[in-house]
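Given the coordinates of chain A, assemble chain B onto it according to the supplied hints.
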Amino acid sequence: MPLERAVAENLKDGDTVAFEGFTHLIPTAAAHEAIRQGFKDLTLVRMTPDLIYDQMIGMGMAKKLVFSYAGNPGVGLLRRLRDAVENGYPRPLEIEEHSHAAMANAYEASAAGLPCAIFRGYRGAGLAEVNPNIRSVACPFTGETLAAVPALRPDVAFIHAQKANRRGDVLVEGIIGIQKEVVLAAKRAVVTVEEVVDDFAGLHPNLTVLPSWTVTAIAVVPGGSHPSYAHGYYDRDNAAYLEWDRIAADRETFRAWMQENVLEKGADAFAARVAHLRKAA
Amino acid sequence: MSAFTANEMMTIAASRALKGSDVCFVGIGAPSAACNVARLTHAPGITLIYESGTIGTAPDVLPLSIGDGELCETAVTTVSVPEMFRYWLQGGRITIGFLGAAQIDRFGNINTTVIGDYARPKTRLPGGGGAPEIATSAQQIFITMAQSKRAMVDRIDFFTSFGHGEGGDHRKRLGIDTAGPTLLVTDLAVWKPDPATKEFTVVSLHPGVTREQVQETCGWPVRFAATVEETLAPTALELQTLRDLKARTEAAHKAGASAGKRGSKDG
Chain A
1 MPLERAVAEN LKDGDTVAFE GFTHLIPTAA AHEAIRQGFK DLTLVRMTPD LIYDQMIGMG
61 MAKKLVFSYA GNPGVGLLRR LRDAVENGYP RPLEIEEHSH AAMANAYEAS AAGLPCAIFR
121 GYRGAGLAEV NPNIRSVACP FTGETLAAVP ALRPDVAFIH AQKANRRGDV LVEGIIGIQK
181 EVVLAAKRAV VTVEEVVDDF AGLHPNLTVL PSWTVTAIAV VPGGSHPSYA HGYYDRDNAA
241 YLEWDRIAAD RETFRAWMQE NVLEKGADAF AARVAHLRKA A
Chain B
1 MSAFTANEMM TIAASRALKG SDVCFVGIGA PSAACNVARL THAPGITLIY ESGTIGTAPD
61 VLPLSIGDGE LCETAVTTVS VPEMFRYWLQ GGRITIGFLG AAQIDRFGNI NTTVIGDYAR
121 PKTRLPGGGG APEIATSAQQ IFITMAQSKR AMVDRIDFFT SFGHGEGGDH RKRLGIDTAG
181 PTLLVTDLAV WKPDPATKEF TVVSLHPGVT REQVQETCGW PVRFAATVEE TLAPTALELQ
241 TLRDLKARTE AAHKAGASAG KRGSKDG
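Chains A and B, in that order, are what the protein sequence lines are.
Note that my numbering numbers the first sequence so that position 178 is 178, with each residue one more than the last.
Note that my numbering numbers the second sequence so that position 193 is 193, with each residue one more than the last.
Chain A extracted, bound-state conformation (with noise of 0.2 Å):
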């Protein structure tokens, strides 16, 4: 169906949702599109909040933040981000500090229709202290005391992935992070692909596959990570990371290149973006 469409029947003000991509197949235009319309209080989850959570954060959409990790990869920091953390510009904005570990094993549990994940982390850290979500409990066999953190299930979960067959199963390849874990924890699942085929006979049998009816909708999008990018279709754009450290550093750049690249835009323009990444055939 169409991603504003998509959208639009999935996402709600005030929902806690994940747009996941572990530095690959990043749900841009999907965020992009949440932006177009305008959510409001949402509960932002992700472990590595980069470009598209600055977007929405500088955006005021998010009233509390989850996550592990949050940069710019390869570049620095995330400065709507920083904004809003340091000033509270232009909302102020409550976060939710994890590990890696920790999330990933949240996000695990809740697939696993768990109420909470037990892993061995967090020993030392300070992160214990000022997040009252991080408790610990005693392994009944061991004694051993391990860290403990609740389940992580979005409302709804948005991940982008490289392509869907006719019946609507979805395939993940190359760095799959946490796509499959994800859709599986979230209530509704939307995922953008690449392109759509036949099917996916001659594959390889234990490629990761979502089949069609773990996922709510699906959106054909070329393009739709950039500038993450799509194993086997597009590469990253570096520079589109470089840059937007400059664009985040003032609030007016934001807001105008928020206005030009994103309001004033739709999902189609995400094919022309990546034109010069694909590799040659």
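Hints are computed from structural coordinates only; laboratory data are not their basis.
Fair warning: there could be bad hints in the mix.
Examples of chain A residues lying across from chain B (beta carbon under 7 Å, computed) [said to hold, decoys possible]: (1) 24; (2) 71; (3) 120.
The C-beta atom is built at its ideal place from N, Cα and C for all residues, glycine as well.
Using the frame of chain A, we list chain B on its own:
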């Protein structure tokens, strides 16, 4: 032998600490360069793992992020992030966790979370990412970073990753059975923890570096080992390998546009 920079000496000295039998969880930036120099010189058998799930990767150029496509293309296998942290890191299969740091103290505790107060930070840094568990689940931790008074401080503002805590047997008291930081390589010296106090102590000065220079760029009173050696200067092979790697990296990252001019830093 041609001259070398302090940064080249740092990367090369760090690379020498790695063995072909190591399974190394690689942080981005300086650790990534050191690990790949080791792989391309004396330790071709080393297994390099990046937290994006790539196991046994052999990139031709240094990745700009921990999730660059080339890491996956050259890896023995690529696993999901939960599997990475559960089976491989928590499962005890990592021999060396190789980390960088924004702030470090004399006991190898690392801060990459905030400068200032946590609730009202002066500077909000990216956070820990994988580091809190790498610091305690990897069998040992190597750290590499350039020296400065801003980075090497008397007290860190936040304990992102636990090193030796207050020193001595602090790890053991918390039930942590891994060795923790056993090596710090800076642009000026090689440091190792004192066996009893666990305070980082200079064991080797890089060629031409004085004790005063080490002290001037460090925020705590520096301890020197009873015998301080001189780090062996980079060999021609080491230097050539590092420079070729950097040149290939620069060229690859410039291909798109002007990327690659800046250092890599992420979780």
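Hint check:
no.: 1; hint: 24; verdict: holds (5 Å)
no.: 2; hint: 71; verdict: holds (3 Å)
no.: 3; hint: 120; verdict: holds (5 Å)
Figure legend: structure checked against the earlier numbered hints; every hint is met.
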